[in-house]
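Mind docking chain B on chain A? Use the hints.
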Amino acid sequence: MKRHLFKIAAFFLIVVLLDLATGMVFSRLTGCARGGDTARNEYICNKTSEDILVFGSSRAIHHYNPLIIADSLGLTCYNCGQDGNGAILNYGRYHLISQRYHPKVVIYDVMPLYDLLTGEDNRKFLGWLRPYYDRPGIDSVFAWVDPMEKYKMMSRMYRYNSRFLQILSDCVRPAQEDALKGFQPIEGTLDTLKINPEVIESPQLDSLKISCLKRMIDEADATRFVFVVSPYWYGMDDRLIAPLRDLCRQRGILLLDFSNDPKYVHNDDYFIDGVHLNARGADEFTRDLVKRLRQVCAEVVQDAMSPRLAAISFSKRG
Amino acid sequence: MVYNSINFIVLFPLIFLLYYVIPARYGKARNLFLLVVSYLLYMQWEPVYALILMGVTVVTYWAALRLDGTRRSRAVVTAGVILALLPLVVFKYFNFINDSLSEALSLAGLHFQLPGLNWAVPIGISFFTFQALGYLWDVYYKRQEAERDFLTYALFVSFFPSILSGPINKASLVIPQLKSLRPQYDRAKVTEGLRLILWGMFMKVVVADRVALYVDTVLPNYMYYSGISCFVASVCYTIQIYADFAGYSLMAIGVGKTLGFELTENFRRPYFAVSVTDFWHRWHISLSTWLKDYIYIPMGGSRCSRLRNYWNIFVTFLVSGVWHGANWTFIVWGCMHGICQIVEKMLNQQRCRYGLAGKTVKVIITFLVVNFAWIFFRMPTLGDACGVIARIFDLSLSHAHAVFMPTATDSALMALGVGMLFAKDFLDEFFPCHCRLLDNRRAVVRWSAAVVTLVLILLCGVFSADQFIYAKF
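Keeping their order, the protein sequence lines are chains A and B. Sequential numbering of the first sequence, starting at 1, is according to my numbering. Sequential numbering of the second sequence, starting at 1, is according to my numbering.
The shape of chain A in the complex, shown without the other chains (with noise of 0.2 angstroms):
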């Protein structure tokens, strides 16, 4: 028995050598990423300098374009966006970035099922996260989502679970550039088929959800949040974003709300479905939305030229 116990403890002992050793081979290549996803998680977390940071889910990736943000604002901008994610990544995101410097201006695009309402499992908004575990903080996002996930995350290999083959093909053969500074337009026009409004019959709080991005906001020392509701095609039951507008007034935060804008609800010519603006929609949303910015970023140029008087206007805000 003994000797069988010892065969089966040398076994694992060969999986955890192999674990640590494909972990760091996978920790080196994504780091050598030249295009896709895998460089541009790794860009997010780890070399972004822009003055205005873009996050979001799917409709943050494809409705802001930062080309059109900094040739209007004249501050540098990148869309730090990404599919089917919300408040618990991106404030893991926002952690990392906070940790080498502070963007001037945040630009959060809301999702409620994403940001605000329970929906789906939150592990699987942990996914992006699970290579930066061991920097400081990230552990307690892990921890708040599933105090089990600790247990897995001992193992290097689960780090880079699910997303191994488009690191190494990120690596030979990267399918993206990243010219338009993180963000993914859309071509097309409205496919018909695709507008099934998200009904939520009963929508419930994620506390969880909410609890990241008040932390995002108590943690953005010198970062200024703007929320931002961008459109939907068949416009969005305001009560929804219900919690997200008290807490922009007790923070003191602008709230930008189109999702029941004139300009865009029913207008087939910006909607590729019933969630996504298309290329043209989120150039003209961008463009109206950076109308509605001048006087913050204008704001923000001011402080950076005057620390005193920026810290006297972040302590009102308190």
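In short, the hints are calculated from the structure, not lab data.
Listed next, the stretches of chain A that the computed footprint assigns to chain B, with coverage defined by at least 3 CB atoms under 8 angstroms from CB atoms of chain B:
| # | segment |
| --- | --- |
| 1 | 13-23 |
| 2 | 121-128 |
| 3 | 152-162 |
Cross-link-like lysine-lysine pairs, in silico, DSS-like; alpha carbons within 25 angstroms at most:
| # | chain 1 | residue 1 | chain 2 | residue 2 |
| --- | --- | --- | --- | --- |
| 4 | B | Lys-424 | B | Lys-189 |
| 5 | B | Lys-292 | B | Lys-142 |
| 6 | A | Lys-7 | B | Lys-189 |
| 7 | A | Lys-152 | A | Lys-7 |
| 8 | A | Lys-2 | B | Lys-189 |
| 9 | A | Lys-2 | B | Lys-28 |
Some chain A residues flagged as far from chain B (calculated, every beta-carbon gap over 10 angstroms):
| # | residue |
| --- | --- |
| 10 | Ala-70 |
| 11 | Arg-135 |
| 12 | Ala-220 |
| 13 | Gln-295 |
Where is the CB? At the ideal position from N, CA and C, for every residue including glycine.
Then chain B, alone, in the frame of chain A:
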């Protein structure tokens, strides 16, 4: 116990070591330890429902003992069956019966409905109830001696590897193992058990939960996707339910083996079946054996007139449908399987006598028929199931462009998992003595295969899905 959870990974080595710390000569102490562990694990989910498990155990134990030497054995077995079935009927079927009756009455202009029950169904209730009923009937038909040792019997009903989703073990298989002095440590069994756990885990997290990502995107929103996407999703579900349930069964059997027990085989490469009849000899074998032994044969089986035989087959699969859940979709699913087998019997198509090409065609046809029936099994209502089928057969091409394409990475991982599963099943089916990897004679090959499987589980597995499909039955 949910085998793809951290709980299992932490608790199982502990249970394993503690079990083997007890010397083999103290067989009763080992059984007592397993009984306590089984109940504690069951109570992890909802402690109060352990009373139901205990209730079913006590009722069937008592009824079986009473059957010995009584003249009114029929009355005793009837009382025992009704009492044992009561929790299952109340928890699982009460709402369904209540709703169906009130709908039927409303058609006649009568409006009457009892208040519905809003209770969670005790986990594994269908499995442990059927296992206990099987034992009771075996005693009644004198195939099995009534077990006098309550500890042994209670462990037979609650044995933790199989309580959640089976296999539904026969008393004649498990009770003798519980009563005998098991060897202190059976190295070959432990190795085989670990191998089964490893492959079962691969089937669950690499195959089932990966294809589930496609299924769970398309089928709940079938009205927005093309017929091609709906068909692919239905095929994915066919693969998912096999990999999920067979993976669970392998892990349950594997856990049993590591503790020195042999449990009932539950799957034998069902999608290589040449007919629906053959499919049921390979799919959920423990349930189909149970249905054969306690429904089909007592009704007369095939030793009766043709028409009566067809009726027996139909009723058996109707019960199978009802067992799976309190919903008309399961009943239709069961009836479809029954009707297909009746047709095969009428046409004498239960086996294949057509050579390789004919066999291939029959395997494909059977797969498509089974796949079609799974649509009813998966969808929440008959209307939704018909909606998916209508979409698949919609030839107007009006939705042809609404194809759901998973990401390249997801597609590659899906293809990898399904490809490996297919290759293993294909080799096991047609070349059982060749290309063995996990149980190769050479240690290097065996160990390499096991390491690669574990690495693939860590790199390709989906670990956010908690539950097994059959756990809800």
